[in-house]
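Asker: Sequence:
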Amino acid sequence: MKLKLAFIPRTAIGQNLRAKPEWEILRKKVYDIYNNQCQICRKQDCMLDAHEVWEWDEEKHIQKLVNIIGICRLCHDTIHFNIAEKNGRANEAEEHYIKVNNCDYKEFKQKLDEARVVYQRRSRINKWKLDTSLIIQKQWIRRIFHPEEHILSDIDQQKRCEACGEFYHIEAILNNKCFNCTEDNDSF
10 MKLKLAFIPR TAIGQNLRAK PEWEILRKKV YDIYNNQCQI CRKQDCMLDA
60 HEVWEWDEEK HIQKLVNIIG ICRLCHDTIH FNIAEKNGRA NEAEEHYIKV
110 NNCDYKEFKQ KLDEARVVYQ RRSRINKWKL DTSLIIQKQW IRRIFHPEEH
160 ILSDIDQQKR CEACGEFYHI EAILNNKCFN CTEDNDSF
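Whatever position you read off the sequence shown (first residue = 1), add 9 for this note's numbering.
Honestly, the hints are just simulated from the structure, not real lab data.
With a cut-off of at most 27 angstroms between alpha-carbon atoms, the simulated BS3-like pairs for lysine-lysine come out as follows:
hint, residue 1, residue 2
1, Lys13, Lys118
2, Lys69, Lys138
3, Lys138, Lys13
Turn these sequences into a full structure, and let the hints guide you.
Answerer: Written out as structure tokens, the structure reads:
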């Protein structure tokens, strides 16, 4: 599945980077890195949301930031389908999930039921520890949160995709290919 349902547990709502003043700079940088193209459905020249991708360690109660990607509003609504339902956008999100994943309603419903079970289980954990070590690992993010460490210019951060020849920010290149030309998009 290219587009996955991911509900933030009730007990982790508000634990994110958006509470930090650097978020506005970070999200604009995400738009630049991904050339205003949704990294899930591939819609081009659209308004993007900066989406935080989290891993959840239910045993240790750790919410770990693993990526920040640019996605269109419809993909974002679909990922957080439970919120889309509350905001009256469930039908559009459901249709988008089915289209992007090339599946049927039955498969969508199965994944939705699974996501709700995970949401309920994770919401029973009272306190999540926030792991934002990604900020240290990815230089372009670290530069935003720690500008005093910035030593490379933006031109030093560009790399050419071997497949299509386009230049992208170095963080948008994996195994010398851009997101569009890489088969394993989940690695981004």
